[in-house]
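Trainee: If you read the protein sequences in the order shown, they are chains A and B. With full-length UniProt numbering applied, the first sequence closes on residue 330, and no number is skipped along the way. With full-length UniProt numbering applied, the second sequence closes on residue 330, and no number is skipped along the way.
It is possible that some hints are incorrect.
Mimicking SDA-like on lysine to any residue, the simulated pairs with C-alpha atoms at most 25 angstroms apart in a straight line are [stated by the list, open to error]:
no., chain 1, residue 1, chain 2, residue 2
1, A, K2, B, L170
2, B, K2, A, P230
3, B, K2, A, A276
4, A, K175, A, A276
5, A, K91, A, L170
6, A, K2, B, Q114
7, A, K2, B, A276
8, B, K281, A, A17
9, B, K2, A, A224
10, A, K2, B, G200
11, A, K2, B, G209
12, A, K2, B, A226
Hint data in this document are derived by calculation from the structure and do not stem from the laboratory.
Number of protein chains: 2
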Amino acid sequence: MKKLINDPGDVVTEALAGMALAHPDLRVDAANRIVYRRAAPVRGKVGLVSGGGSGHEPLHGGFVGHGMLDAACPGEVFTSPVPDQVVEATKGVDGGAGVLHIVKNYTGDVLNFQMAAELCAEEGVRVASVLVDDDVAVTDSLHTAGRRGTGATVFAEKIAGALAEAGAPLAEVAKAGEEVVARSRSFGVALTPCTVPAAGRPTFELGPGEVELGIGIHGEPGRARAAAAPARELARVAMNAVHADMPLSGDVLVMVNGMGGTPLAELYIVFAEVAAFLREKGATPARSLVGDYVTSLDMQGFSVTVCRLTGDLTALWDAPVATPALRWGR
Amino acid sequence: MKKLINDPGDVVTEALAGMALAHPDLRVDAANRIVYRRAAPVRGKVGLVSGGGSGHEPLHGGFVGHGMLDAACPGEVFTSPVPDQVVEATKGVDGGAGVLHIVKNYTGDVLNFQMAAELCAEEGVRVASVLVDDDVAVTDSLHTAGRRGTGATVFAEKIAGALAEAGAPLAEVAKAGEEVVARSRSFGVALTPCTVPAAGRPTFELGPGEVELGIGIHGEPGRARAAAAPARELARVAMNAVHADMPLSGDVLVMVNGMGGTPLAELYIVFAEVAAFLREKGATPARSLVGDYVTSLDMQGFSVTVCRLTGDLTALWDAPVATPALRWGR
């Protein structure tokens, strides 16, 4: 294993230190491992908190800032954040209008955010939660009861964040997040495994001529091991899986996401195939993201996430955002 | 070789098709392989054109847009663009105030941009050029007479682009680009080789316990093959090489750039070490970029580029920019 790290045990702490130095708009609580928007808590605004295992950068710390998250709680690599951490972040971003938790559907995350929400409620902080479970590849898995949460997390954080920034009340912000999840589906494909620093070896084996269809963001198995194939075929497998679960039509927001080790040019090639697929089905890729947003360390591969837009959701997507990984209009 | 491509011969064309679909602010001339800013030519504004081999995405197409490049000319992977392509782009962005070519110092790029500039001059288009040669690792190399051009290209494109956007004349825009280059130095480290799609195998061999110090962005050899080491030591090798060539002091703009296959969290770890080094030397990392900006396909590793800022350069860096890969203030 060759990685740009010092000690495997220090990866999360040292990466947070680098983030703090690189982004003056963020404030990092190193002791509690929380990335805050510098302005937090914003008085009268619903606070947004997300979090989960590290190793998926820029998720979640890279989405903290104006128009998106108020705080992110990174756990150890591929490990849930602890309840105390989430409690601290929730209290830290409560500007009096309550706090929304955006939680990816993994058993540990769900339990720890739930426990944190209960502890916060006891202290008088109103908390609502949105559970993201967009991955159509598998129902139940190694780390999940029900579908896994992946790329739709970015959409939910952006859209709920825009609504919170506009001053909407907690229930409305939560409802928008839920609507995004209900309208979104994802599917991922891996060309290579990833290597967790503390383990020092690949999370699974994949032959030189093989790919994993329906890969999870921690390297969990998907639907099938298959022979490597051209990008257009892999894109089609992913889009057929999405379309079979949620027929695509009208304007859609589509993300072609890199798993961390995939060159950007390859993601654009996949995006061209995805856009062609959408048009065949009578859908329009009205908004898009192409790049690394929800990664799995150094894994090569991609995932595609599609959200069926409404006029309201489109306007919220277009609203200004200023975070390390997503920025426009400011 | 597993890659998200269809045919190795179609990589550049299909990636450009994806870019065009993903970024409505760009206009792609597929036949000539040119990425234009949609508004080009901007009347009365100096046009900026850059280009070079593909495989370094987001460089250069990802830097086309308001406040940066007017056009980018991608060659085949790791291959210079041809003179006709550059001529077409240059004429296409000439708004009557002349055009600046920003050229990385590789023999093929230099020759082809020079030939293009001469052909343009014959047609009455005024062209000036800035040659980027910031890599301190080696003098002369496989593809270069003199130092190689790497990360400072991004700085020159951004700062000259801001000045052009502000309406400055060609000579002044060129001078700013030259000033950036004179004040910038880079050094790169590879943990793995990269694989050119058409070749189908790694560009060089690197043992499981080895790194290449001073790597070039096409996998060219650097200064030394060394044993893999912690991030803090590798960061220090890079920064010592930069500091030995150009003593660092005052405010600096620093980029910790990923080679394409490196997780973002690792780049933040390197950035923390780089920032510590700068402070030790009495310099301040006043502005920074951490992420993939000048890649080498799927190579794992990083490069660091430092520019000694002035007040003027800082203001130009901070000016609004709206491109796929760099965006703020709009």
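Trainee: The structure should be examined with respect to each hint, and the outcome stated for every one.
Mentor: Status of each hint after checking the structure:
1. A:K2 with B:L170: Outside the cut-off at roughly 46 angstroms; violated.
2. B:K2 with A:P230: 9 angstroms, holds
3. B:K2 with A:A276: OK: B:K2 and A:A276 at ~23 angstroms, within 25 angstroms.
4. A:K175 with A:A276: 32 angstroms, violated
5. A:K91 with A:L170: 15 angstroms, holds
6. A:K2 with B:Q114: 41 angstroms, violated
7. A:K2 with B:A276: 23 angstroms, holds
8. B:K281 with A:A17: 19 angstroms, holds
9. B:K2 with A:A224: Holds - the C-alpha atoms of A:A224 and B:K2 are around 17 angstroms apart, at most 25 angstroms.
10. A:K2 with B:G200: 22 angstroms, holds
11. A:K2 with B:G209: 7 angstroms, holds
12. A:K2 with B:A226: 13 angstroms, holds
In the structure shown, a violation is registered for the earlier hints numbered 1, 4 and 6, in ascending order.
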